[in-house]
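Student: Using the sequences and the hints given, assemble the complete structure.
Protein chains in written order, with the working numbering: chain A, 1 to 331; chain B, 1 to 374; chain C, 1 to 679; chain D, 1 to 329.
The hints are simulated quantities; they were obtained by calculation from the structure and are not laboratory data. By construction, the Cβ of each residue, glycine as well, lies at the ideal position given by its N, Cα and C atoms.
Covered by chain B, per the in silico footprint, the following chain D stretches (three or more residues, Cβ under 8 Å):
no.	segment
1	133 to 146
2	150 to 157
3	260 to 273
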Amino acid sequence: MVDPILSIRDLHTEFVANEGIIRAVDGVSFDVFQGRTLGVVGESGCGKSVTARSILGIVEKPGRVTGGQILLRPETGGEAVDLLQLGPKAMRAIRGPEIALVFQEPMASFSQYYTIGNQIMEGIRLHLKLSARAARDRAIELLDMVGVPQPARRVDEYPFQLSGGLRQRVMIAMALACDPRVLIADEPTTALDVTTQAQILDLLRELQQKQGLALILITHDMGVIAEMAHDVAVMYLGRAVETGPVSEIFTAPKHPYTRALLRSIPTVMAKPRTRLPTIEGSIPHPSNRPAGCAYNPRCLELIDDLCRVQEPPETGMAGRRIRCFLHGGRP
Amino acid sequence: MFGMFKSRPQLSQAERFAQATQLQLTWWRFRKHRVAMVSGVIVALFYLVALSADFLATTDPHATDSRTSYIAPQPVHFFEDDGSFRPYVNGLKGVRDPKTFKIVYTPDPQRHVQVDFLAPGYPYTFLGISMTTHLFALRNPERGDGIFILGTDQLGRDIWSRLMVATRVSLTIGLVGVSISLFLGVLLGGVSAFYGGMVDTVIQRVIEVIRSMPTIPLWLGLAAALPNDWSVTQVYFSITVIISLLAWTDLARVVRGKFLALREEEFVMAAELAGASSGRIIFRHMLPSFLSHIIAAVSLALPAMIISETSLSFLGLGLRPPAISWGILLQDAQSIQSLALAPWLLSAAVPVILVILAFNFLGDGLRDAADPYG
Amino acid sequence: MQNRRTFLGYGAAAMAAAPAGSALAQAVQASGSVTQSGLVGKLEGPIPAGGPIPATFQEAPQLAELVKAGKLPPVASRIPSEPMVIKPVESVGKYGGTWRRAFIGPSDGENGNRIMASDKLLFWDFTGSKIVPCVAKGHEISADGKITTLFLRKGMKWSDGHPFTADDFVFWYEDMYLNKDIVPGPIADMSAGGKPGKLVKIDETTVQFVFENPYFLFPSMLAGDTLIGGGQATRQSNGNSYAGYAPAHYLKQFMPKYSSEAEANKKAKDAGYESWVRLLHVRKDWELNPELPTLGPWKTVTPINTPTWSMERNPFYYAVDTAGNQLPYMDKVVMTLAENIEVVNLKAMAGELDLQERHIDLQKLPVILDNRDRGKYDVHLDLAFNGADTTLHVNMDFRGDDVIGKLLGTADFRRALSMGIDRDQLNETFWLGLATPGSSAPAESMPESPGPEWRKKWSTLDVAAANKLLDGLGLTKKDSEGYRLRPDNGKRVVIELLAVKAFMDWPKHAEMIAQHWRKIGIYGDVKEAERGLAFGRLLKSDHHIFVWTNGGTELLYLYSSWALPTDVASGVYGIEHAKWYASNGTQGTKPTDPKMLEALELFRSAAAKQEGERNKIAQEIWKIMVDQQFTIGTCGQSPALMGVRMASRRLGNIPGRTCIAQHCRTPGSSRPETWFYKA
Amino acid sequence: MITFIVRRLLLGLFTVWLISMLAFAIIQLPPGDFVDSYIANLAAGGAAVSADEANAMRKLYGMGQPIYVQYGKWIVRVVVGDFGESMEWRRPVSEVIGDRIWLTLLLSFAALLVTWGLALPIGIFSAVRQYSVADYIFTLVGFIGIAVPNFLLALIILYAAFRYLGLSVGGLFSAEYALAPWTWDKVKDLSWHLPLPAMILALSGTAQLIRIMRANLLDELRKPYVVTARAKGLSELRTVLKYPVRAALNPFASNIAYLFPYLVSGSIIISIVLGLPTVGPLLVRALIAQDVYLGGAIVLLLGVLTVIGTFISDLVLMWVDPRLRHQMD
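Tutor: The following block contains the structure:
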């Protein structure tokens, strides 16, 4: 099997808050492969977004990455570099040309004071060292690529003049400006209405195939995963509790949490007028994560004397990992 | 993203916050603001001084005597030569140097004038009761004796005592002034925001006009209009009114801004739907919810008031002697000879700076507390 | 010829050098405790008519240039054939330099007027005791004292080169003085025994002032700082129209008489003024109008109502030094506008002013002395002769409040107020101990002084006596703070002290006096007011007591404004009384106080008397004034008013001590035109 | 766009009109009138004015008529640029002010520059390095700047400059240049005198602007678009300067309008202490001496200036805020 472009190993990111240290990301591991889409799924607050920012090294104070590895394989092949070891300058060279990010709130993620053209070209000129003219052409080209009508005119417009869908397209164009190898889309569709959502997702899929992107799609929506992802990482309270190919996860989910998530998506097979099951209880606050398996308070199949006491280790083979005593790792 | 980590801790105390009023919330956040807390205490102390000015004064702040003209600050000795704790000041001999024309004061080591605690001094009235007790006083002083810890001015008046009285005058001016402009500000700002439309436009225009006029000329104009033969108290109050008449606009803007923001809030809608009278909505529902902002705004407005009074008096258009205010004390310090021969006259600047600092920090703390991201 | 002319010069001087004069001269030399400071120098000054007319004349280089260029006639034809020859204090000086000075605004015209004093008809010498020639090379007074003749200098010219002749006097008399639009009413200076005098031209260089009654005082009036004798600069600026002469050839264009009412008014409108009178007031004002022909050593270049009031030499100035150099030595005078007197003093101390005595604050003396070497200046203390730099001028006709009015009108009340003042305290605090405490009567050495005892009478601290007097007036009830209560409404007796912060910080003085009065149970209420507004109140006489100097009263007849109600421009003692006196009883109301009447009658009678007798009368008047305490004196004979002189060490011909007095036009009598830059 | 500008202009004119009435009213408040003080001033100079002349003047100046008539007379003349004659300065008001208004503007503008030059960087710094030692120091200094009355500061500096530096004191020119025509040397001379007063004047304004800038920027720094910029690989400095600072400038710009009158006000007191030839001392004199037309003209003029200031700041605002610009179309 090919080497991953990007592999996250036991990533830890902490925030220092009044009530003490919060482990937002607490040992996440997963791999991202060229031309494949990794879906990172979990309820809001499970640390998805922080993971994304950790990868780009733009976690804001009071947060900081405290451990693990973020291994990026150079385009030229050869030894993978650990991004966490890079200096700020080198890291800036990664953002954009290597790894790019698409945000969930297209409105707030643009500055209202510059034209979209300006904001797209900025990255281009910085990384690709293009002339203003060339950068502009490139920007128009990008807008065209992401399906913005009349790109030549739009390029001089301001974000607030665009519709939500267009904005997200522009956001994507901006992310692709320096054709990155890895694109992280953080809830790219949450802020959009259903039809636009579909369009954006299609766009992403299409682009990924065209450019052989490695896509990390962060979402809380199993449905989106189902139609977009090749691989899945299910996160719970700062950890990947189950990872594997989408086919396996959906057909044979192992972790009780994964199952619970799956149960909560409507399916055509479901009988009409049956209530969608929901997961009992709410995610505990990271600052007071329960002892043992973090999921135990909500788990329907927990093993009392064990899950409340011990943390399940990560078991399973490459490409299919899981943290649950039901599936091995029992003492 | 890390907004979520910000919001979580509140979740954990959700119940408390649920019941807490805006004011309590502010108070909780405010307590974290250490500088502001200290400032608050300082302000409180200042008003305590204002209350007991005469009691703290050691000598009649009006009494002049050429024999004590321009005395530099004098130390109070705490221990007698025999080492016993009996605070005293030395008697002073002043001689004018015939060449430099400066008066040279030399302490007379023989003459120890006892300093008594809670002892009788010049008579004054406190809350209508005439008293003679002062915090400190000299035991049977001779002419020219005094506790001059801050020195004396040209007319030989004790700076410390004058400072005490001045504090009372200046601080109360600030307070009265701010309450007037507060009333105007809340009323007009509230009305302006609540009714909007024509009313709003008109009031906003008025505010713009007032704000777009340099204030000093206005003050000067109004102050210059005061009849020359008015008594000190009349002038005192008119000055206060004048200052506040121009200071309300900022408050009005704050109120209006917060008001508009709140209009949209559900509970106001609810109240409106429930058919509550607009007056009731304003004062029962909305006012309390931004009381904290008002408090902040006020504590930021006060120093402006105080500086205004000082400036006016400095220009000779505010209070006039024999009234004593910080402005007037500073006016005394403004001559070259004061700066060169009696720099201690500038000590009047210290309380001004201190109290204004305190008010600003206090106000800042309150504002931050009122809305952390405001 | 030569001899006779010079004789005239000396003669005039000799005539006025009366015994009292020399007495004053001695007085001036007399020394006080101040002298140990080493800052009081020898009284000295340049001597006008100080020698024979030199054979040849020289001029300032830049004028010589102009002459070469044909823009200016040669010096010999610019100056009169009988120029005034001035003997400088030290030596003949050299040309060049700019005199840097400071003034505090358009109301500070005196600042410049006083250095233009040589445009007066007659003047005093540096002792302030001897009348000397000035614009007029000499004068004569007839034996009956009814006619005073002035001899003008042949060939004397205005600053624009136009001849200065007797016609300029006639023009002033007929077209200005007698024109009601310009001069509202006749002035006391121009009348004797209540009968107006007139001005007559004898020939081109001779004019006579003719009166129906004896007017022996008149030459002194011409030499003094009076309406008639003040000179063009002083008396035709700031709305005044006196001084006895005016540049006819220039001013006619503004007068309806020489064009038409309509035309004159149109001229005014075009210039932005409402009426020809207003325009004339501006055009004849040397402070405002650079084009105005003048006689003084300099002429305005940029007017007083700009940030810099600057002057340049008058190429037709009529005086030369003993070597025949046309004066002045200094090319320019530049007065920078200082917005307050602190700045004036700082500039002076920073050495940015070359000679400044006006607005220099005695309070700052210690600092000024400390900075002598830094600022490279010397400090001279010049002592004045008036009784009190701070005088309480009591309104004898206050009608705003019967009770107060009655009290102010009562001698014993005024005496009590006077005895309630601790003058030594004031002296120490405000005069650095340099003044002489006492009544408002002039220095004992002055010819008009009633004598030592009158300097002290009712004028030394005596709280007990004061209280006794007040009790005697029935003001026995007191409130808790010991203040006396009015008989009518049981409120405090409040005496307002109207004070202006001008040459001295009089409001502060008043504050201290009010403190002293606590001991006699009188509540003194200090009212600080801006100068203009204060004088406005004086005009309405709605003040109780006005705190101001009585400078000038040391020569009572020349300057009585701050002693008796004789001046219609000041209602300080009751405007109605002043009108009554000035109009000879035809207007205003007669004073009710018999003593005041007596004083006024004495004053009126004096003009007709010879000097010796005049002085005796003055002494009588002072005795009444002191005994009645119409004006309550505190401390005087000090350098407080223009007596602290800071002179750059680069300047030459600077007297060690100058005469500080109204009639000396300080620093006028030490002839600024003779000062020069040594380097 | 045009409509907006026009609307603002009309609004400005309206404001000016109100100001003019206010100005005139205020100058009229003091007891007594122009002629009274004119006569009083002459009296102070020893001259008397006949009752006839006084009445003549009263008629000329339309005194004794109802105040609105007097205002009418005044404003009509003002519109054609004739501010009447200054009683104390005895020359047309326009001339009296003419000399000084430019220096006032210059001083205020210099102060404005200083204010911005200091407030911007410091404000940005304190925001980016929030709660750093430097931030606390700046905050403290800032507050002291607010707390020290600028006239007091002026006085102390005035004396200190003279005492310890031997610096020339007062005024904006050395005597030798005061009346010289404008030459390069004179400009240099001015540039020597200007900084001190400008700084004194700027201090408190700076202090306040620092606070404003800091607060604004702190808000902006929390916005997502900052992360976007970072994600693009922009350097931290560039990120901050291009995005949040730009956004924070917005309320900053709208502040100019009110900073200006504030500075002008301050310049009045400072000019009196330092003896600067601005309109400040002129105004105080005029008010104290009840020089109606001068005082009225100055207050009006200052008001107009600030309205213009507001107008400009509106334009600036439109320039820095594209949203505003597009709402117009």
